[in-house]
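Turn these sequences into a full structure, and let the hints guide you.
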Amino acid sequence: MTVAESLTRPGHAIAGDVNSGRLSARSVAEAALAAIEAGNARLGAFTDVTAERALAEAARVDARVAAGEKLPLAGVPYSVKNLFDVEGITTRAGSKINRDRPAAVRDATLIERMGAAGAVLVGAVNMGEYAYDFTGENAHDGASLNPHDPSRMSGGSSGGSGTSVAAGMAALSLGSDTNGSIRVPASFCGLYGLKPTFGRLSRARTFPFVHSLDHLGPLARSPRDLALVLDALQGPDADDSALIARPPVAAVANFARGVGDLRIAVAGGYFRAGAGPEALAAVAHVAKALGATREVEIPIAAAARAAAYLITTSESSALHLDRLRGRAGDFDPDTRDRFLSGAMVPAAWYLSAQRLRAAAKAAFASLFETVDVILAPATPFPALKSGTRTVEIGGATLPARPNIGIFTQPISFVGLPVVAVPVWLPGAALPIGVQVVAPAWREDIALRVAEVLHQSGATSAPVAQT
Amino acid sequence: MKDFDAAGHVEHMADLLGLAIDPAWKEGVVANMAATARMAALVAAVPLDETVEPAMVFEP
Chain A
3 MTVAESLTRP GHAIAGDVNS GRLSARSVAE AALAAIEAGN ARLGAFTDVT
53 AERALAEAAR VDARVAAGEK LPLAGVPYSV KNLFDVEGIT TRAGSKINRD
103 RPAAVRDATL IERMGAAGAV LVGAVNMGEY AYDFTGENAH DGASLNPHDP
153 SRMSGGSSGG SGTSVAAGMA ALSLGSDTNG SIRVPASFCG LYGLKPTFGR
203 LSRARTFPFV HSLDHLGPLA RSPRDLALVL DALQGPDADD SALIARPPVA
253 AVANFARGVG DLRIAVAGGY FRAGAGPEAL AAVAHVAKAL GATREVEIPI
303 AAAARAAAYL ITTSESSALH LDRLRGRAGD FDPDTRDRFL SGAMVPAAWY
353 LSAQRLRAAA KAAFASLFET VDVILAPATP FPALKSGTRT VEIGGATLPA
403 RPNIGIFTQP ISFVGLPVVA VPVWLPGAAL PIGVQVVAPA WREDIALRVA
453 EVLHQSGATS APVAQT
Chain B
70 MKDFDAAGHV EHMADLLGLA IDPAWKEGVV ANMAATARMA ALVAAVPLDE
120 TVEPAMVFEP
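These protein sequences, in sequence, are chains A and B.
Under my numbering, the first residue of the first sequence is numbered 3, with each subsequent residue one higher.
Under my numbering, the first residue of the second sequence is numbered 70, with each subsequent residue one higher.
Derived by calculation from the structure, the hints in this document are not laboratory data.
Each residue gets a CB set at the ideal place from its N, CA and C atoms; glycine is no exception.
Check each hint, because a few of them may be wrong.
Listed next, with one range per pair, are the computed distances between beta-carbon atoms [stated by the list, open to error]:
# : chain 1 : residue 1 : chain 2 : residue 2 : range
1 : A       : Lys387    : B       : Asp74     : 31 to 37 Å
2 : A       : Ala65     : B       : Glu122    : 50 to 56 Å
3 : A       : Arg259    : B       : Glu122    : 49 to 55 Å
The calculated EDC-like cross-link candidates involving lysine to aspartate or glutamate, where the alpha carbons are at most 16 Å apart (straight line), are [stated by the list, open to error]:
#  : chain 1 : residue 1 : chain 2 : residue 2
4  : B       : Lys95     : A       : Asp336
5  : A       : Lys72     : A       : Asp233
6  : A       : Lys363    : A       : Asp446
7  : A       : Lys387    : A       : Asp151
8  : A       : Lys98     : A       : Asp50
9  : A       : Lys98     : A       : Glu299
10 : A       : Lys363    : B       : Asp118
11 : B       : Lys71     : B       : Asp84
12 : A       : Lys363    : B       : Glu122
This is the structure we're talking about:
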């Protein structure tokens, strides 16, 4: 196997080869940089390639391995959504406006922890402006495209994360998920994506979208990679006041326990009504693979999604109010109108949404007394053609942009951990994701389920062959 | 209750907040405001006990 071929394998396999000395981290970094050089102009994944830094980090990894260290992510090339601070690079967060700012002087906490675990940063990737996006399209940087069919969306807002991992330019990517922005590109690009419990991972030195709802997490081509990253990234951080003090979950240690002890159910009602045929078939496929026959209703889901919408539009617009006053013309037209209207939301609407959040938390907690895992579609349909403006959902024609996330929004609203798993239906040219939802603070359960599906071949995340 | 007047609300609030809305953007802003009002109606339709507190947490 050549080094370039090794890039098509999951991160844990690359780390195994680097730890054993079969591959050098430097050779892997060079191969990843070559893959970016060859494919990025066509796919629009990277906005900043950190070649010099990658080679320096790889040299440090090789030295540590030579000194006898075993690193969980040894030499694994990864990208970060360009809302993460990367020392020496301006954090643009998908915007034109923020590139007037000075370069970041220190890495985001999660990047520091990836480096300590041996991972090698190859660059920052494209995203929807200020993360208000489910498409992966961006008026300033162009669209990040779907490697499985470049005429289609990567999904957003962590679009470049999806593109870079599905194209094999990186083995992992760190993205953010406020309403679905990890799970949507995971679905469209055929990847595993982990949105941890709200408050689990530090958000220090990343550009915010919605303080009440922002999560960070990884996208990868195997559940084991997600578990390795989660183990590497957990822990207290005085730099993030929103981090919730909880004991870390042992993701890798619990990985091989199977699912025999778990009560798994499919979400009905809201989660069926808006789903297209591929989404329904994908959920049925995963349920069958897991032997899940029970269906549960979540009556509060539609209101939960509406409340997430309200909190998102009001908090994000308040954050950008000065920029909307002074530089509205410099916003991406696709986010500008949404931000402008969000600045005008009455306080009573916003607070009713925050009160509904408490009620929705209670409703899900009650549900999780009788089940351990809930399966739901990640997106209503597979990747849309780039530029799609409207979609059919439940018989109605609706704007595409805000409605791609109708199934992810109610879940992140409650902060529950989710692994999005990629399904390739028989004969399908495109993947589609299913959400494996676990109780709060139990990422280990969702990861165990994903691993069983992956090992059985029911789900898979191959590098695109385009 | 009277139907929410999205266009009137946008006009009033834009002036109040000092937001200059280009005429070419107005239709999009009003459409988004109307969509947000529909979301607010969905939330308002859920009966909540007055003891239910907002989910924001502040730890002094």
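Evaluation of the provided hints:
1. The given range of 31 to 37 Å is respected by Lys387/A and Asp74/B, whose C-beta atoms sit roughly 36 Å from each other.
2. Between Ala65/A and Glu122/B the C-beta distance comes to about 53 Å, which sits within the given range of 50 to 56 Å.
3. At about 37 Å, the beta-carbon gap between Arg259/A and Glu122/B misses the expected band of 49 to 55 Å.
4. A threshold of 16 Å between alpha carbons decides the hint, and for Lys95/B with Asp336/A the separation of about 13 Å falls inside it, so the pair holds.
5. The hinted pair formed by Lys72/A and Asp233/A meets the criterion: a straight-line CA distance of about 15 Å does not exceed 16 Å.
6. Simply put, Lys363/A and Asp446/A have alpha-carbon atoms about 20 Å apart, too far for the 16 Å limit, and the pair is violated.
7. A distance of roughly 9 Å separates the Cα atoms of Lys387/A and Asp151/A; the hinted pair therefore holds under the 16 Å criterion.
8. As the CA atoms of Lys98/A and Asp50/A are separated by approximately 14 Å, the hinted pair is consistent with the 16 Å bound.
9. For the proposed pair Lys98/A and Glu299/A, the alpha carbon gap of about 43 Å is over 16 Å, so the pair is violated.
10. At roughly 15 Å between alpha-carbon atoms, Lys363/A and Asp118/B fall within 16 Å of each other, so this suggested pair holds.
11. For the hint linking Lys71/B to Asp84/B, the alpha-carbon distance of about 23 Å lies beyond 16 Å, and the restraint is violated.
12. A distance of roughly 12 Å separates the Cα atoms of Lys363/A and Glu122/B; the hinted pair therefore holds under the 16 Å criterion.
Checked against the numbered hints above, the structure violates hints 3, 6, 9 and 11; every other hint is satisfied.
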